[in-house]
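With the hints as your guide, set chain E onto chain B.
In order, the protein sequences belong to chains B and E. Here this note's numbering is used: position 187 in the first sequence is 187, and no number is missing along the way. One rule links them: number in this note's numbering = place in the second sequence (from 1) + 1000.
Be careful, since some hints might not be right.
The following residues of chain B were derived to be distant from chain E, with all beta-carbon distances above 12 angstroms [claimed, not checked]:
hint, residue
1, 41
2, 53
3, 56
4, 62
5, 70
6, 82
7, 117
8, 155
9, 183
10, 198
11, 298
12, 336
13, 340
Here's a subset of chain E near chain B, in silico, CB distances under 10 angstroms, partners left out [stated by the list, open to error]:
hint, residue
14, 1024
15, 1028
16, 1062
17, 1155
18, 1163
19, 1227
20, 1237
21, 1241
22, 1263
23, 1264
24, 1282
Source of the hints: derived by calculation from the structure; they are not laboratory data. Ideal Cβ positions, reconstructed from N, Cα and C, are used throughout, including at glycine.
Protein chains: 2
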Amino acid sequence: MVSTASAQMKGTPVRVAVDVMGGDFGPPEMVPGAVRAAESGRAAVILVGDEAPVKDELAKYGAAARLVKVAPSVGKIGDDEHPVHALRQKRQSSIAVATGLVKAGHADAMVSLGSTGASMAAATIALGLMEGLERPCIGGPFLGLAPRTVLVDLGSSIDCRPSLLLSFAALGSVFAHHFLGVENPRIGLLSVGSEDAKGNRQVQEALKLFRQTQMNFVGNVEGMDFFTDRADVVVCDGFVGNILLKYTEGFGAALTHYLRSQLTGTLPAPAVERVANDLWQLTNLPRRGGGPLFGVNGNVVVGHGSSKAEGMAGAIDTAARCVELDMVGNMRQELAKLNQQLSSMAPQSGGG
Amino acid sequence: MVSTASAQMKGTPVRVAVDVMGGDFGPPEMVPGAVRAAESGRAAVILVGDEAPVKDELAKYGAAARLVKVAPSVGKIGDDEHPVHALRQKRQSSIAVATGLVKAGHADAMVSLGSTGASMAAATIALGLMEGLERPCIGGPFLGLAPRTVLVDLGSSIDCRPSLLLSFAALGSVFAHHFLGVENPRIGLLSVGSEDAKGNRQVQEALKLFRQTQMNFVGNVEGMDFFTDRADVVVCDGFVGNILLKYTEGFGAALTHYLRSQLTGTLPAPAVERVANDLWQLTNLPRRGGGPLFGVNGNVVVGHGSSKAEGMAGAIDTAARCVELDMVGNMRQELAKLNQQLSSMAPQSGGG
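So here's chain B without its partners, still in its complex pose (with noise of 0.2 angstroms):
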């Protein structure tokens, strides 16, 4: 649907460098969902994380076993410890080995459903942020009612300033663009009303500075807006997005176990399950695909830690479709129009 230049010669797999250790479950989940990506001729899997548990969990899957290659890795970093001084101490952990796969080439793109504050300053310090920018962030659809609205960010950057509300939503709509194929994303700021003048200071410092860029934006959107379709990419800081993410997973796992208690003996027992599994998918989606990590140089998805095999597979799929997209390379020019956007129009808002 989108044309675009691939940075990845067509036929070969994308080589996805996979944190095994990571997520609640550790390897029993995270390797066979490797091992199922790697079946599907999906990506070339490489395996990261402590060389025993893995050759363990791999000598259950046979020939299978042999489609993916294991780079061994020594301990991980947990959700509990500090990001960054954590990578210090922790230099051969899956995380570190993994980002230090992509930076070294022999890998295309990074995966882990562990930390996501690790995988984050990993990645910003072993691959960069692109030129211009001040923090990364995590985009991506959340909402399976809404696959097509990506939010921005979902929780890596917690403070913003208003300028980077508008690397992210340049971010986000390159991703809408490549990843979604939506033609020209529409971007609105989340805020708490439609009019200019609604938002707390940081959104209506940025709502000026949208105003003066050439983006394609709609303006605020509320909280209903995720189901009226008024915005393709839906911009706010981490803090906003992350408390969004978790209340919808709450939100849909409550109302599934309600649903499933409602209708049970009032329809037969596989109806209810497929109502029920079907609400499960209309609230967590971001379980299936795992969610990129936007504006760093290098291809990093990080997923749900309570994410099972289907959700490291999906992470995976996503990881090597970023790939096949060049999203690195799309996400790099649009930043730089942006950035020149900005710097033609300092000298103007001095005045402003």
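This is chain E only, laid out in the frame that chain B set:
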């Protein structure tokens, strides 16, 4: 369940001034809602609105119309108007007149489903803020799935200092205790991780303050914790709260629509409607009872503009209960206690 000194004499119905010009539907829905509340004996209702349309509407209710009084006003303040400017120019508008009745002692409470900003400004200017409070807030349960969890602020104070979040917690806690009957409500600060270090600057600063008080503070809570019963009062600024509120409404509406389409033909029509209605109720709580404004020296309940007669009747009921429970007196007392704690810790905080 909760014993409290009532400001209201037993047997005397609470007098509620009702702005019938507000809401998306105005008198045709607001008047019947108010008449219904009067018929139930729940409150002595004073309709505030343009004389002609109010009388036209009342003419439809025969004898029941004689249960309500009418206080004429001129015009209304729209959602798109600047609240304070509009109040200055439209001194006879329905919100101004209704609030004036409370100030003059002719009514015990005011209810409006019109401009929230105008109700808040009118209440703040005419009734005044409670001592030690910088801004008011709107709170209450907002999610049918968590009907005893109070979210505060739902959208009245968009930019909040950390110390204001502390006041909101105190106010929300009084509401949870007296209105919802929660013993010693657990207070949580809405953030992006449960650890103390997680959150944006505002929340991190606020958390330090919370930890120094004698509040029943359970720490940071996350988006999913509305469904995990970790806190009875969840505190955030009005920016985040309002986004969550509107997101929830949109989410509920979209899921109801989805389920209706999925179940139609699978279940008998009445069963489909029952599930759809349940789902709607589980996700659209504030449309039923309105949200009380906390922190002003008077009882004010605002409601969703899209509410119909039932929503107005529910908001009047909420207002009457707030008066009966002496919510204002109890909140004043709790704020005074908090301010005492804050002033006693002030000398130490310079060293921290």
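Does residue 1024 of chain E pass the interface check with chain B, least Cβ-Cβ distance below 10 angstroms? Interface hint status for residue 1024 of chain E: violated (14 angstroms vs cutoff 10 angstroms).
Was the hint right that residue 1062 of chain E lines chain B, CB cutoff 10 angstroms? violated, 39 angstroms
Non-interface claim for residue 298 of chain B versus chain E (Cβ beyond 12 angstroms): About 25 angstroms separates residue 298 of chain B from the closest Cβ of chain E, which puts it past 12 angstroms; holds.
Grab the minimum C-beta distance from residue 1241 of chain E to chain B and call the hint holds if it beats 10 angstroms, violated otherwise. holds, 9 angstroms
According to the definition I'm using, a residue is off the interface if its beta carbon is farther than 12 angstroms from all beta carbons of the partner; does residue 198 of chain B meet that for chain E? violated, 8 angstroms
According to the definition I'm using, a residue is off the interface if its beta carbon is farther than 12 angstroms from all beta carbons of the partner; does residue 183 of chain B meet that for chain E? holds, 24 angstroms
Was residue 340 of chain B rightly flagged as not at the interface, with every chain E Cβ beyond 12 angstroms? holds, 30 angstroms
Is the Cβ of residue 41 of chain B farther than 12 angstroms from every Cβ of chain E? Label holds. Min Cβ-Cβ 34 angstroms, cutoff 12 angstroms.
Measuring from the C-beta of residue 1028 of chain E to each C-beta in chain B, is the shortest one below 10 angstroms? violated, 24 angstroms
Would the hint on residue 1263 of chain E stand, with a C-beta cut-off of 10 angstroms toward chain B? holds, 7 angstroms
Going by Cβ atoms, does residue 62 of chain B stay more than 12 angstroms from chain E at every point? Its Cβ never comes within 12 angstroms of chain E, the nearest being 39 angstroms, so this holds.
Hey, is residue 155 of chain B genuinely clear of chain E, shortest beta carbon separation above 12 angstroms? Given a closest Cβ separation of 6 angstroms, the condition is violated.
In summary, the structure is inconsistent with hints 6, 7, 8, 10, 14, 15, 16, 18 and 23 from the numbered list given earlier, while agreeing with the others.
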